[in-house]
Amino acid sequence: MNKTEKERIVEEEQKDASPVIIQLGIFAAVLFVSNILSVIMPKAFPVPVPVWGLIILYVLLTTHVVKLHQVEKLSGFLIGIIGVFFVPSGIQMYKSLDLIKEDGITLIIAIIASTIILLITVTFTARLFISISKKIRNRRA
Amino acid sequence: MQFINNTFFGIFVSVAVYLIGLYLFNRFNNFFLFQPLFVGMILGIFVLWILEQTMGVSSTVIYDAFWHGGKDNFIGANLLFWFLGPATISFAVPLYKRNDIVKDYWVEILLSLIVGLFISLVIIYLMCRALNLSDSEIASLLPQSATTAIALPLSTSIGGIPAITAMTVILNSVIVLAIGDQLVKWLKLDTDPIGIGLGLGTSGHTIGSAKAVKLGSIEGAMASIAVIVVGIVTNIVVPLFARLIGLK
Chain A
404 MNKTEKERIV EEEQKDASPV IIQLGIFAAV LFVSNILSVI MPKAFPVPVP
454 VWGLIILYVL LTTHVVKLHQ VEKLSGFLIG IIGVFFVPSG IQMYKSLDLI
504 KEDGITLIIA IIASTIILLI TVTFTARLFI SISKKIRNRR A
Chain B
645 MQFINNTFFG IFVSVAVYLI GLYLFNRFNN FFLFQPLFVG MILGIFVLWI
695 LEQTMGVSST VIYDAFWHGG KDNFIGANLL FWFLGPATIS FAVPLYKRND
745 IVKDYWVEIL LSLIVGLFIS LVIIYLMCRA LNLSDSEIAS LLPQSATTAI
795 ALPLSTSIGG IPAITAMTVI LNSVIVLAIG DQLVKWLKLD TDPIGIGLGL
845 GTSGHTIGSA KAVKLGSIEG AMASIAVIVV GIVTNIVVPL FARLIGLK
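Note that the protein sequences, when read in sequence, are chains A and B. The first sequence begins at 404 in the working numbering and counts up one residue at a time. The second sequence begins at 645 in the working numbering and counts up one residue at a time.
Bear in mind the hints are in silico, worked out from the structure with no lab data behind them. Cβ atoms here follow ideal geometry from the backbone N, Cα and C, with glycine treated the same way. Honestly, I wouldn't trust all of these hints.
Unchecked claim - With a cut-off of at most 25 Å between alpha-carbon atoms, the simulated PhoX-like pairs for lysine-lysine come out as follows:
no., chain 1, residue 1, chain 2, residue 2
1, B, 858, A, 470
2, A, 409, A, 470
3, A, 409, A, 476
4, A, 476, B, 858
5, A, 418, A, 476
6, A, 418, B, 858
Said to hold, decoys possible - Computed, partial: chain A to chain B, Cβ under 8 Å:
no., residue
7, 433
8, 434
9, 492
10, 494
11, 513
12, 522
13, 524
14, 525
15, 527
As the list claims (entries may be wrong) - Which stretches of chain A does chain B cover? Using the computed rule of at least three CB atoms under 8 Å from a CB of chain B, they are:
no., stretch
16, 408-418
17, 451-461
18, 472-481
19, 532-542
Produce the complete structure using the sequences and hints provided.
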């Protein structure tokens, strides 16, 4: 990204946000296309609708087809209250209570541990790779 | 019975328990165990359980009422759940805003996610063996880094139990939201925002990404890219790994 690109983002951020109905329209269009793409993907290689949507909206933003001020407000709003949207999924585990009863505490421990393993391993690996590449870049510079 | 066969029963319960959680979280100085999502989830399950006991109906009846307003309705708490889709595509915005980082480091980002995921799989597998979990339980835990829509069919295909995988993916988010950033700080891994973002996005999915967005713009962008890449990489790496360790 060159300097004008950075300036562009700053400039975009200062523009007035598009009306909510336009923002909703863009989201609806992206989700509609994502749904089609998701259906035509082979079953053995599923790419979920939201992931397609994320990729499409990102490409649209990067190619400046969609401008930041046309989606920023709605996306900020949705990300801000995503916790509420997730509550039903959490409560869904009510269905799995029998599962926990059967396999007991070991499974829960394994789940908690594996979450932590994923978090630590990926964070650590990325930190290592980035620091190595920074060193190489510095030496070259 | 009539009053829970109501479109707004599930929505009301979900929002109400979340607000109670939010109140407790603020009241107790943001104590991590009082994360609104965590408290809301426990309270919600408790509410449904109490209803089941007092009304003397099966858990399926209660669950259907909660999820889609009972047998005559289609909408309930699933309306809120639906919004996870639009909320997930929203992460394109924080990602786009840090396109500079993506452009500079995309090779390192991809490599870290692939290598990090593979190492995690090995460690998770060894831990499961040490805990004496069955093959089907191990197969259920391996796909957890992907989102539900990818993880469930994957789990089935390597001989796992989808219900356990679904529970695991949900718990991932809750755990990362509750302790993710503290854990990274305790282990002094918080020197690199790219690493934190990728870690939170991989382990906590979209909820972890929402947390990352709050930490900073680079963290948020990296978590968003992790959600995309890890889903796809998991799809390729996990079946290979499962074959390697001799699951199905």
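Hint check:
no.: 1; hint: B:858 to A:470; in the structure: holds (23 Å)
no.: 2; hint: A:409 to A:470; in the structure: holds (14 Å)
no.: 3; hint: A:409 to A:476; in the structure: holds (19 Å)
no.: 4; hint: A:476 to B:858; in the structure: holds (16 Å)
no.: 5; hint: A:418 to A:476; in the structure: holds (11 Å)
no.: 6; hint: A:418 to B:858; in the structure: holds (23 Å)
no.: 7; hint: 433; in the structure: holds (6 Å)
no.: 8; hint: 434; in the structure: holds (6 Å)
no.: 9; hint: 492; in the structure: holds (5 Å)
no.: 10; hint: 494; in the structure: holds (4 Å)
no.: 11; hint: 513; in the structure: holds (5 Å)
no.: 12; hint: 522; in the structure: holds (4 Å)
no.: 13; hint: 524; in the structure: holds (4 Å)
no.: 14; hint: 525; in the structure: holds (4 Å)
no.: 15; hint: 527; in the structure: holds (6 Å)
no.: 16; hint: 408-418; in the structure: holds (count 3)
no.: 17; hint: 451-461; in the structure: holds (count 10)
no.: 18; hint: 472-481; in the structure: holds (count 6)
no.: 19; hint: 532-542; in the structure: holds (count 4)
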